[in-house]
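Taken in order, these protein sequences are the chains called V and S.
Quick note: the first sequence uses this note's numbering, first residue 1109, plus one each step.
Quick note: the second sequence uses this note's numbering, first residue 111, plus one each step.
Simulated from the structure, these hints should not be mistaken for laboratory data.
From a predicted model like this one, the values you see are computed outputs, not experimental measurements.
There's no promise every hint is true.
[To be verified] Covered stretches of chain S, as calculated for chain V (at least 3 residues, CB under 8 Å):
id: 1; region: 234 to 247
id: 2; region: 265 to 279
id: 3; region: 286 to 293
[Said to hold, decoys possible] Some chain S residues judged to face chain V by a derived CB distance under 10 Å, without partners named:
id: 4; residue: Phe180
id: 5; residue: Leu206
id: 6; residue: Leu250
id: 7; residue: Ile251
id: 8; residue: Tyr254
id: 9; residue: Ala255
id: 10; residue: Leu282
id: 11; residue: Ala512
id: 12; residue: Leu600
Beta carbons are placed, not taken as given, at the ideal position from N, Cα and C, and that holds for glycine.
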Amino acid sequence: MEILLAIMIAVLTSCGIYLILRLRTFPVVVGLTLLSYAVNLFLFAMGRLTLNAPAVIGATDQYTDPLPQALVLTAIVIGFAMTAFLMALALRAWGEFGNDHVDGTAIPGSDGDDRR
Amino acid sequence: MISHLIMAPVLLPLFAGLLILLEVRQRLWLRRATGLIATALLLPIAFLLWQQAAAGDITVYRLGNWQPPFGIVLVLDQLSAMMLLITALLALPVYLHACRGDDQPGANFHSLFQFQLLGINGAFLTGDLFNLFVFFEVLLIASYALLMHGQGPQRAKAGLHYVILNLAGSSLFLFGLGLLYAATGTLNMADVGRVICAGELVSPLLLQVSGALLLVVFALKAALLPLSFWLPGAYSAASAPVAALFAIMTKVGLYAIWRMWPLLYGLQDSPLHGMVSPWLWGLALATIAFAALGVLSAQRLAVLASWLVLVSVGTLMAALTASTPAAWAAGFYYMIHSTFAAAALFLLVGLISAHRGVLADQIEEGSGLSPLLGLLFVVLAVMLVGLPPLSGFIGKLVLLQAVPEAAFWIVLLLASLLLLIAFSRAGSTVFWRHQAGGKPATLPLAAAAPLTFLLLLCVAMVVLAAPMMNVAASTAEQLANAQGYIDAVLGAAEVMP
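Input sequences plus hints: build the corresponding full structure.
In structure tokens, the structure reads:
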């Protein structure tokens, strides 16, 4: 279980970082979203993994740490709002520049060039 | 009643911002008046809180009366009270300046300004690291929108970079917090310190990683050298009042490092002790040197002002890393001075570009400018370069006394020389080399009033230098006393309704 989760987080993080380094705004947005998924999973793991246990102290002998769940909830909400804002911003930048290169300067034939 | 006053710097901007949102369809003067009342009210509140903290006690407010470390606490000590007071003193003139016309392009400027203050005040008050993350996000999302206030492709580009960088920073912040919780089992700042002192650490290695990750995030907000390239682009693209308000934003990052220093990075028993300070020391000096070269190379006044912010960040980081109460006290004095002076410079640049039309703030010869602008520029230059007799000189003098390291002296003094050259060049080009003929446009006195208020604050810092240094010294002493902070927070009494 630990290994599976660790691999998932690693794959999500590396995909996210790869996409953030792209030249177009849309892959960057997707990359940041993947990175925030990785963070959310990571926060879950920070209170140690417990299977089949409620997040209520005292209900049973074994319980899950409830704090990471509350933190993940907050992180999801904030990440969602930030992604929405970034999408709006990317659209505005596209409107201003006429292309979706992160610098607004499309290099002919490059990743961010719309004329291809 | 007085025990709830600590909530006011958070609640007041929140409700004022919401009220202004309801008024968006109303007349502009109504929005301005609401914002102005709320911003002005912050001043007496911050002053009362500062007086309360100056007595030497740490006030702890348990939200929902949860017992620390389980609930979120707001903590008011001398450092946070001082930061609140600086913010309130800065916000009022900046807002007044904005109300002279810079607020018109966007309908939501006034509420965003309040939300920005909410985030900044919250970040200074909170005693919980996850709550610090939340307040960081609040101040960031307000700053994203404020940075984009007004139009222009330049602003859209700078805004896009700023937002993407800070979102990546937020992810790192969460990774760091997760590791910190895994290592210590708590996110309460005081409890982190207690766990380390009591030797209850689950894993020293995890703590080192999390401390380093958090430091990267704070350094990104503070714009320390390898993470500072976003700042000149973002600040110089923002409108004048927004850039002036952002003068406090890098200080939020520095504040976070300062707050965690006695509890995490500089604590004797901490596995991080001595691990980060050599790095930070080198990076601080590199930031000063690099930013001074940036000031010299600036083609626009707003870019010059942005690089100046970086010079002060490097200087403050060096004072922080020196890690003695005397250096911290000197750092606090310099921080107050540099915040006000940098904000005043941004406002002045705004006035200059408004007078020069298409030429805006390019450092090129243009039409004549009012002598009043020139006078203000000279005063600001003297202050920011650190020439006697203004506050920059005193700030640098106490810093040099408190940090007697040869490398620091050489870098700081050489940087001051470069600043002097850059200011002389910029000033003589903009103010002296103009086309002959044509009377310079006159500047209404009211337009320069907010900026003059900031300058007068700096002059007051010269007159009151001795009492202010005493206050700074006791602030530094209280901050360095980690055990006192831990005992005060974890032993906090219930809040009476």
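Hint check:
no. : hint       : verdict
1   : 234 to 247 : holds (count 3)
2   : 265 to 279 : holds (count 9)
3   : 286 to 293 : holds (count 5)
4   : Phe180     : 9 Å, holds
5   : Leu206     : 29 Å, violated
6   : Leu250     : 8 Å, holds
7   : Ile251     : 7 Å, holds
8   : Tyr254     : 6 Å, holds
9   : Ala255     : 8 Å, holds
10  : Leu282     : 9 Å, holds
11  : Ala512     : 39 Å, violated
12  : Leu600     : 17 Å, violated
Against the hints set out earlier in the document, violations occur for numbers 5, 11, 12.
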